[in-house]
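Assemble the whole structure, with the sequences as input and the hints as a guide.
Number of protein chains: 2
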Amino acid sequence: MDIVVVGSVAFDTVETPFGKADEVLGGSATYFSLSASFFAKVGMVAVVGKDFPDEHIKMLEEKGIDTAGIEKKDGSTFRWKGRYDYDLNQAHTLETHLNVFEHFNPTLPESYRKAPFVFLANIDPELQLKVLEQVEAPRLVACDTMNFWIEGKPSELREVLKRVELFVINEAEAREFAGEPSLVKAARKIMDCGPRILIIKRGEYGALMFNGSSVFSAPAYPLEDVFDPTGAGDSFAGGLMGYLAYTNDLSEQNIRKAIVMGSVMASFNVEDFSLNRLRAISCDDIRARYTEFKQLTYFEDV
Amino acid sequence: MDIVVVGSVAFDTVETPFGKADEVLGGSATYFSLSASFFAKVGMVAVVGKDFPDEHIKMLEEKGIDTAGIEKKDGSTFRWKGRYDYDLNQAHTLETHLNVFEHFNPTLPESYRKAPFVFLANIDPELQLKVLEQVEAPRLVACDTMNFWIEGKPSELREVLKRVELFVINEAEAREFAGEPSLVKAARKIMDCGPRILIIKRGEYGALMFNGSSVFSAPAYPLEDVFDPTGAGDSFAGGLMGYLAYTNDLSEQNIRKAIVMGSVMASFNVEDFSLNRLRAISCDDIRARYTEFKQLTYFEDV
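Line by line, the protein sequences give chains A and B. Heads up, the first sequence is in the working numbering, so the first residue is 388 and it goes up one at a time. Heads up, the second sequence is in the working numbering, so the first residue is 388 and it goes up one at a time.
Hints were generated in silico from the structure; no laboratory data involved. The C-beta atom is built at its ideal place from N, Cα and C for all residues, glycine as well. Some hints here could point you the wrong way.
Unchecked claim - If we take Cβ atoms under 10 Å as the criterion, some of the chain B residues that face chain A in the derived model are:
no.: 1; residue: 568
no.: 2; residue: 574
no.: 3; residue: 578
no.: 4; residue: 579
no.: 5; residue: 643
no.: 6; residue: 677
no.: 7; residue: 678
no.: 8; residue: 680
no.: 9; residue: 689
Claimed, not checked - No more than 20 Å apart at the CA atoms, straight line, and that leaves these computed lysine to any residue pairs for SDA-like:
no.: 10; chain 1: B; residue 1: 681; chain 2: A; residue 2: 568
no.: 11; chain 1: A; residue 1: 572; chain 2: B; residue 2: 658
no.: 12; chain 1: B; residue 1: 644; chain 2: A; residue 2: 685
no.: 13; chain 1: B; residue 1: 644; chain 2: A; residue 2: 683
no.: 14; chain 1: B; residue 1: 572; chain 2: A; residue 2: 406
no.: 15; chain 1: B; residue 1: 681; chain 2: A; residue 2: 406
no.: 16; chain 1: A; residue 1: 681; chain 2: B; residue 2: 640
no.: 17; chain 1: A; residue 1: 572; chain 2: B; residue 2: 474
no.: 18; chain 1: A; residue 1: 681; chain 2: B; residue 2: 598
no.: 19; chain 1: A; residue 1: 681; chain 2: B; residue 2: 681
no.: 20; chain 1: B; residue 1: 572; chain 2: A; residue 2: 639
no.: 21; chain 1: A; residue 1: 572; chain 2: B; residue 2: 471
no.: 22; chain 1: B; residue 1: 644; chain 2: A; residue 2: 689
no.: 23; chain 1: B; residue 1: 681; chain 2: A; residue 2: 599
no.: 24; chain 1: B; residue 1: 407; chain 2: A; residue 2: 568
no.: 25; chain 1: A; residue 1: 644; chain 2: B; residue 2: 679
no.: 26; chain 1: B; residue 1: 572; chain 2: A; residue 2: 689
no.: 27; chain 1: A; residue 1: 681; chain 2: B; residue 2: 682
no.: 28; chain 1: B; residue 1: 572; chain 2: A; residue 2: 568
no.: 29; chain 1: B; residue 1: 681; chain 2: A; residue 2: 641
no.: 30; chain 1: A; residue 1: 572; chain 2: B; residue 2: 476
no.: 31; chain 1: A; residue 1: 572; chain 2: B; residue 2: 591
no.: 32; chain 1: A; residue 1: 572; chain 2: B; residue 2: 473
no.: 33; chain 1: B; residue 1: 576; chain 2: A; residue 2: 473
no.: 34; chain 1: A; residue 1: 572; chain 2: B; residue 2: 408
no.: 35; chain 1: B; residue 1: 572; chain 2: A; residue 2: 616
no.: 36; chain 1: B; residue 1: 501; chain 2: B; residue 2: 520
no.: 37; chain 1: A; residue 1: 407; chain 2: B; residue 2: 569
no.: 38; chain 1: A; residue 1: 572; chain 2: B; residue 2: 683
no.: 39; chain 1: B; residue 1: 572; chain 2: A; residue 2: 641
no.: 40; chain 1: B; residue 1: 572; chain 2: A; residue 2: 572
Here it is in structure tokens:
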């Protein structure tokens with residue numbers, strides 16, 4: 388087991404300017420795991436309802452993902468319904484039914500506890516803390532969050548950040564968390580709370596990494612159409628953590644490569660609904676797009 | 388004469404979250420010229436009123452800028468008053484007094500007509516066309532525009548675009564011009580109108596260049612504070628055209644370097660009001676920041 392991820396598994400109903408998908412497989416842990424599975428062995432910690440079909444579990448296992456941490460409970464699986472308009476950076480939530488996710492109490496199987504890489508996807512910071520109590524000296528703990536927790540559980544979130552080395556957050560939420568319009572100043576404030584490495588996700592504008600005094604700007608892939616942005620952030624985190632686990636190298640230069648790998652995985656993910664694209668691509672596709680990212684940003688010295 | 392620029396010279400009154408500047412020197416031709424003057428010999432085509440002090444002309448000439456094309460007319464110089472809130476990508480115009488600029492009829496001095504590089508800053512497309520009638524076989528013609536002309540003079544603007552090789556435009560205006568939310572599709576539509584090279588300015592997110600089938604993504608410099616964004620786009624264009632004229636090389640790789648040079652100049656410009664920063668920096672400062680841009684974006688192959 389290289390990476391443990393804790394997060395949601397959900398059925399999503401999504402409408403975008405390009406079409407509609409009904410009750411398709413989604414959730415932060417699912418997107419993360421499928422993306423990371425190209426690079427490393429992932430164990431999922433999540434909860435599903437009795438309505439969750441075995442075929443999904445089987446699909447995850449066929450991708451080499453360990454599903455021993457997915458608990459099946461009485462009730463229905465978490466459901467999310469959302470819409471994107473032409474501004475695909477902005478999801479409009481239409482319905483949320485937490486169902487079994489409401490009483491999610493993440494419990495790590497014994498075999499997960501020594502995993503060197505841990506990713507706490509965007510869930511209640513109290514649950515993120517519960518996971519941290521169950522892991523034994525991981526090499527790298529990373530987490531994500533959202534405005535809902537920044538506003539609703541600020542002190543719990545700060546507790547998490549004290550114990551996290553790598554923090555991944557959206558641009559607007561970084562500014563909100565820090566109460567600071569300047570992104571560079573906001574980054575410094577956030578890093579004062581604990582994380583040594585901060586990655587700010589900017590949607591179609593790429594990502595910025597702050598690592599000590601170093602800053603790295605990664606572009607996004609200029610896609611003709613972003614078909615469905617759902618799961619982009621978690622696919623990004625999956626590629627990032629997957630590549631770090633695969634290389635087991637936390638140097639500045641390797642984290643930069645991992646961020647580009649995360650951007651590669653996110654760029655594939657948004658090309659279709661649900662996990663369709665991540666299920667279809669090969670390692671060759673990933674390598675080819677990484678090369679395209681290189682060409683996209685390369686310029687010579689003067 | 389390496390570059391001819393036609394545009395505005397203005398007195399700006401600007402308020403930002405960081406302070407206020409009253410009746411300071413501005414205008415697209417001014418920002419462009421001062422930025423380009425670090426690389427090449429620029430001739431300005433513009434109009435000012437009798438109130439325009441000789442000290443400004445002297446300052447421009449001390450920077451090596453040819454001011455023979457600045458016409459002094461009865462009346463007052465163009466004045467613009469604007470405000471920026473914390474979203475520094477968005478200028479709020481409070482007052483515009485065109486004054487002598489209202490009847491601007493650009494006339495190129497004889498010595499300007501054979502300039503190999505021509506930049507048509509954001510002015511009435513009819514005036515841009517008048518300038519093109521006065522130049523003799525330039526090597527590269529570039530232009531900028533804005534929503535005001537896209538909406539008010541669409542057919543004249545299309546006429547300009549047929550005769551322009553390099554088109555520089557803001558992201559929102561690119562989408563508006565093309566009537567297309569996908570930036571990649573919008574780029575293709577715009578290039579179908581004439582320009583071989585399209586540079587889309589994205590403010591704090593950098594710039595995207597489309598050149599044939601190649602795409603280049605340039606980052607913006609992550610400044611702690613953008614003090615005053617006025618003139619950022621024109622400083623960008625000045626660095627870009629200045630570097631192209633200096634190197635006289637229109638290869639893909641050299642245009643990429645020129646775009647980064649433009650980004651370097653824009654990043655300096657926004658660090659202070661008016662032209663204060665561009666007047667203070669040295670060639671060493673420019674080289675050092677170019678190197679920082681390189682470090683900001685570099686990542687290794689996998």
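Hint-by-hint comparison with the structure:
At about 4 Å, the closest approach between the beta carbon of residue 568(B) and any beta carbon in chain A falls short of 10 Å, and the interface hint on this residue holds. This hint holds: residue 574(B) has a C-beta 8 Å from the nearest C-beta of chain A, less than the 10 Å allowed. Taking 10 Å as the C-beta contact cut-off toward chain A, the hint placing residue 578(B) at the interface is violated, the least distance being around 14 Å. A least Cβ separation of about 15 Å between residue 579(B) and chain A goes past the 10 Å threshold, and the interface hint is therefore violated.
For residue 643(B), the interface hint holds, since its Cβ comes within 10 Å of a Cβ in chain A; the closest pair sits about 4 Å apart. For residue 677(B), the suggested interface contact is upheld, since its CB lies about 6 Å from the closest CB of chain A, less than 10 Å. The closest approach between the C-beta of residue 678(B) and any C-beta of chain A is roughly 8 Å, which is under the 10 Å cut-off, so the hint is satisfied. The beta carbon of residue 680(B) is positioned within 10 Å of a beta carbon in chain A (closest approach about 8 Å), and the interface hint is therefore held.
Contact between residue 689(B) and chain A, as hinted, is supported at the beta carbon level, the nearest pair being about 6 Å apart and thus within 10 Å. Proximity of residue 681(B) to residue 568(A) is assessed by CA-CA distance (about 26 Å); at most 20 Å being required, the pair is judged violated. For the suggested pair residue 572(A) and residue 658(B), the alpha carbons sit about 15 Å apart, so the restraint of at most 20 Å is met. Straight-line distance between C-alpha atoms of residue 644(B) and residue 685(A) comes to about 9 Å, which keeps the hinted pair within the 20 Å bound.
Simply put, residue 644(B) and residue 683(A) have alpha-carbon atoms about 13 Å apart, close enough for the 20 Å limit, and the pair holds. Distance restraint check for residue 572(B) and residue 406(A): the Cα-Cα separation of roughly 18 Å lies within the 20 Å cut-off, and the hinted pair is therefore satisfied. For the suggested pair residue 681(B) and residue 406(A), the alpha carbons sit about 40 Å apart, so the restraint of at most 20 Å is broken. Among the hinted pairs, residue 681(A) with residue 640(B) is consistent with the structure: their alpha-carbon atoms are about 14 Å apart, no more than 20 Å.
This hinted pair checks out: residue 572(A) and residue 474(B) have alpha carbons roughly 15 Å apart, not beyond 20 Å. About 16 Å separates the Cα atoms of residue 681(A) and residue 598(B), which keeps this hinted pair within 20 Å; it holds. Proposed proximity of residue 681(A) and residue 681(B) is supported: the alpha carbons are some 13 Å apart, at most 20 Å. For the hint linking residue 572(B) to residue 639(A), the alpha-carbon distance of about 35 Å lies beyond 20 Å, and the restraint is violated.
The suggested pairing of residue 572(A) with residue 471(B) holds, with an alpha-carbon distance near 19 Å, which does not exceed 20 Å. The straight-line distance between the Cα atoms of residue 644(B) and residue 689(A) is roughly 7 Å, inside the 20 Å bound, and the hint therefore holds. Distance restraint check for residue 681(B) and residue 599(A): the Cα-Cα separation of roughly 18 Å lies within the 20 Å cut-off, and the hinted pair is therefore satisfied. For the hint linking residue 407(B) to residue 568(A), the alpha-carbon distance of about 19 Å falls within 20 Å, and the restraint holds.
The hinted pair formed by residue 644(A) and residue 679(B) meets the criterion: a straight-line CA distance of about 18 Å does not exceed 20 Å. Restraint check: the Cα-Cα separation between residue 572(B) and residue 689(A) comes to about 32 Å, which exceeds 20 Å; the hinted pair is violated. The hinted pair formed by residue 681(A) and residue 682(B) meets the criterion: a straight-line CA distance of about 14 Å does not exceed 20 Å. Proximity of residue 572(B) to residue 568(A) is assessed by CA-CA distance (about 31 Å); at most 20 Å being required, the pair is judged violated.
Between the alpha carbons of residue 681(B) and residue 641(A) the distance comes to roughly 17 Å, so the proposed pair stays at or under 20 Å and holds. Among the hinted pairs, residue 572(A) with residue 476(B) is consistent with the structure: their alpha-carbon atoms are about 18 Å apart, no more than 20 Å. Distance check on the hinted pair: residue 572(A) and residue 591(B) sit about 15 Å apart at the alpha-carbon level, within 20 Å; holds. With a CA separation close to 13 Å, the supplied pair residue 572(A) and residue 473(B) stays within the 20 Å bound.
Of the supplied pair hints, the one linking residue 576(B) and residue 473(A) holds, its CA atoms being roughly 18 Å apart against a limit of 20 Å. Proximity of residue 572(A) to residue 408(B) is assessed by CA-CA distance (about 24 Å); at most 20 Å being required, the pair is judged violated. Distance hint between residue 572(B) and residue 616(A) is fulfilled; the C-alpha atoms sit about 18 Å from each other, no more than 20 Å. With a CA separation close to 12 Å, the supplied pair residue 501(B) and residue 520(B) stays within the 20 Å bound.
For the hint linking residue 407(A) to residue 569(B), the alpha-carbon distance of about 19 Å falls within 20 Å, and the restraint holds. Restraint check for residue 572(A) and residue 683(B): satisfied, since their Cα atoms lie roughly 17 Å apart, inside the 20 Å limit. For the proposed pair residue 572(B) and residue 641(A), the alpha carbon gap of about 33 Å is over 20 Å, so the pair is violated. This hinted pair does not check out: residue 572(B) and residue 572(A) have alpha carbons roughly 35 Å apart, beyond 20 Å.
Hint compliance for this structure: hints 3, 4, 10, 15, 20, 26, 28, 34, 39, 40 are broken, all remaining hints hold.
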